[in-house]
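Engineer: Listed below, chain by chain, are the residues.
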Amino acid sequence: MKKLLQIEYLKVKNYRTFWLILGIYALLVPISFFGISQIDFPFLPSSNEIFGFPTVWNYITWTASWWNVLLGVLIVILVCNDIEFKTQRQNIIDGLSRKQVIIGKLYFLVILAAVITLYTFLVALVMGCIYSNPADMFQEIEYLGIYFIQTLGYFSFAFFFAVLVRKPALSIILFVVIIILDDIIKLPVGNDVAQFFPTITISDLTPFPFFKEVIEMSRERDPNFEIPYDMGTVMRSILSLLYIAGFTLIGFFALKRRDL
Amino acid sequence: MSTILEINNLSKTYGTIIALNRLNVKVEKGMVFGILGPNGSGKTTTLGILLGVLNPTAGKFSWFGKGQDDSNRKHIGSLLETPNFYPYLTAVQNLRIVAKIKEIDRIDERIESVLKTVSLLERKDSKFKTYSLGMKQRLAIASALLSDPEVLVLDEPTNGLDPQGIAEIRNLILEIAKYGKTILIASHQLDEIEKVCTDVVILKKGVAIAQSDVESITGGAKQMVVSAENLDKVKLLIDDFEGADVVEHQNGSLLLNVKENLNPADINKFFFENGVVLTELRMVKRSLESQFLEITKE
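Residue numbers (our numbering), protein chains in the order written: chain A, 1 to 260; chain B, 261 to 558.
Wrong hints could be hidden among the right ones.
[As the list claims (entries may be wrong)] Ranges between beta-carbon positions, derived for each pair: (1) B:372 to A:174: 41 to 47 Å; (2) B:268 to A:99: 22 to 28 Å; (3) A:178 to B:331: 49 to 55 Å; (4) B:322 to A:26: 46 to 52 Å; (5) B:390 to A:250: 35 to 41 Å; (6) B:393 to A:38: 38 to 44 Å; (7) B:268 to A:254: 39 to 45 Å; (8) B:431 to A:242: 55 to 61 Å; (9) B:392 to A:99: 34 to 40 Å.
[Claimed, not checked] Computed footprint of chain A on chain B, listed as stretches where at least three residues anywhere in the stretch have a Cβ under 8 Å from a Cβ of chain A: (10) 292 to 300; (11) 303 to 315; (12) 343 to 356.
[Claimed, not checked] Below, simulated DSS-like cross-link-like pairs (lysine-lysine); rule was C-alpha separation at most 25 Å, straight line: (13) B:360 to A:13; (14) B:529 to B:519; (15) B:376 to B:389; (16) A:167 to B:389; (17) A:3 to B:519.
Since the hints were made in silico from the structure, they are not lab data.
Just so we're clear, the structure is a prediction, and the values are computed from it rather than from any experiment.
All C-beta atoms, glycine included, are put in the ideal place defined by N, C-alpha and C.
If we strip away everything but chain A, and leave its shape as in the complex, we get (with noise of 0.2 Å):
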């Protein structure tokens, strides 16, 4: 294991658009954390609600998953980079399996995901320890484990997707256009069907903070007012984790029958 993720390491290391989304995603997290606590909501949460604990955990997650899409987009390239220059060829030439070389990469791909959570949680971590009562910070800390469920959904998908198309330019789009197209299906086909479309499930996994402020207005408003089904945050992570077997495996074989 130590070997494979050593080799995925010497790969990235002297490769600028690897460091430079990683610091884009850095930047980015932070402030446009910061800029949500600058919008004018009408539920006006306080800038002790956004960044305090426990609710920061939530608002981070949130937050930092719009840009989850963008390190998706960094496996894409990852992935279709080993494809396109024919490395990957190179690598089992030189004396991988096949089973090593698709292994090392999928270990590449938590180790990165653990990171980016880690990175994620920092963030907050110092958010909430000037906000608020650092005695509270574990509450609702699982969305760090949500948020890193959310980010190996982004990564298998990147991942399974990349191995299917192999054409980097072709594949960043399609990945891009698919994510968005889910909030588009939405509409048509209702959030009851569509909350178990794969990416709506991982892209719902850090939900929309004033979910309930919302479903509360708008019954304040009409008392007939229908709560939408949801299936929960517990059926969510599993759900996402099956997805995530799901996408891993199918690569894994696809890659494991080709011929190179």
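Could you slot chain B onto chain A? The hints should help.
Structural biologist: Quick look at chain B alone, frame taken from chain A:
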């Protein structure tokens, strides 16, 4: 002699196209083994299967008597088709990845040494994408040599090199072969095979149509060119002469296949005694090329 590679009934089909049909090959230690054939004859397909990137449709192969185990490839240095490296990494950074895969000790020392061998040391910190075609090819050869492997597998190793580069690579291959290493070369360039190989298999449309040591293919038949004032008489005389046949009539001279035990003096004497004075008489080394063209003729 120990067997380095054994191929049994190896086949590969793409849909209805048969790229390789029941190939059987045995490569012994120390051989410089050529796989010769025109484009599309199955050379690269064969090497691709042997190096684990193509899945064979049928048949088996075994490296070092250890079967098709993935780790065998760590002891094989390969150059398959185009050089494959990360364009955004330098030569050294690219070779580090290879070294890691092959689990090489003293990585930096080995990298220096192979880059020196292929004369790329001065450009070792340049990115791969800035390299010329010849430099890319040389880096690929450096990469193949990196683990100081028992076996080298080279697919068209002089592709894209200038004449000087071609000569350098050929000398390098001969140099490496001297140390008792086994080398497998696929090529459509006949003189390449002729100059460096000890053994050869000739492929045509996925089928092995000849397999032997290079010496017996090229040296098997002696040829001579003769000409004289009266060629028709020469022709008639040759019909009676035991040990020589006309192969072709070209520009006022005749190309003859001659038995191994005859030398030019015998031929000259024979014609002179029969009243013909030859105006030209010379030996021709029958090249692999003519042999190859003859064998692969429809």
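Engineer: Decide, hint by hint, whether the structure agrees.
Structural biologist: Here is how each hint holds up against the structure:
Taking 41 to 47 Å as the suggested C-beta distance range, the pair residue 372 (chain B) and residue 174 (chain A) conforms, at roughly 44 Å. At about 25 Å, the beta-carbon gap between residue 268 (chain B) and residue 99 (chain A) stays in the expected band of 22 to 28 Å. Distance hint check: the CB atoms of residue 178 (chain A) and residue 331 (chain B) are about 39 Å apart, inconsistent with the given range 49 to 55 Å. Between residue 322 (chain B) and residue 26 (chain A), the C-beta spacing of about 51 Å keeps the proposed range 46 to 52 Å intact.
A C-beta distance of roughly 38 Å is found between residue 390 (chain B) and residue 250 (chain A), which places it inside the suggested range of 35 to 41 Å. Taking 38 to 44 Å as the suggested C-beta distance range, the pair residue 393 (chain B) and residue 38 (chain A) does not conform, at roughly 55 Å. Our hint of 39 to 45 Å for residue 268 (chain B) and residue 254 (chain A) is violated, since their Cβ atoms are close to 29 Å apart. Between residue 431 (chain B) and residue 242 (chain A), the C-beta spacing of about 59 Å keeps the proposed range 55 to 61 Å intact.
Checked against the hint of 34 to 40 Å, the C-beta distance between residue 392 (chain B) and residue 99 (chain A) comes to roughly 36 Å, which is consistent with it. Under the rule that three or more residues need a Cβ within less than 8 Å of chain A, the assignment of the region 292 to 300 of chain B is violated, with 0 such residues. Counting residues of the region 303 to 315 of chain B whose CB lies closer than 8 Å to any CB of chain A gives 6, so the stated coverage by that chain holds, three being the minimum. Using a Cβ-Cβ cut-off of 8 Å, 9 residues of the region 343 to 356 of chain B lie near chain A, which meets the minimum of three, so the contact claim holds.
Restraint check for residue 360 (chain B) and residue 13 (chain A): satisfied, since their Cα atoms lie roughly 14 Å apart, inside the 25 Å limit. Annotation: proposed proximity of residue 529 (chain B) to residue 519 (chain B) holds, straight-line Cα distance about 16 Å (limit 25 Å). Taking the CA atoms of residue 376 (chain B) and residue 389 (chain B), the gap is near 20 Å; set against the 25 Å cutoff, the hint holds. Distance restraint check for residue 167 (chain A) and residue 389 (chain B): the Cα-Cα separation of roughly 19 Å lies within the 25 Å cut-off, and the hinted pair is therefore satisfied.
At roughly 61 Å between alpha-carbon atoms, residue 3 (chain A) and residue 519 (chain B) are farther apart than 25 Å, so this suggested pair is violated.
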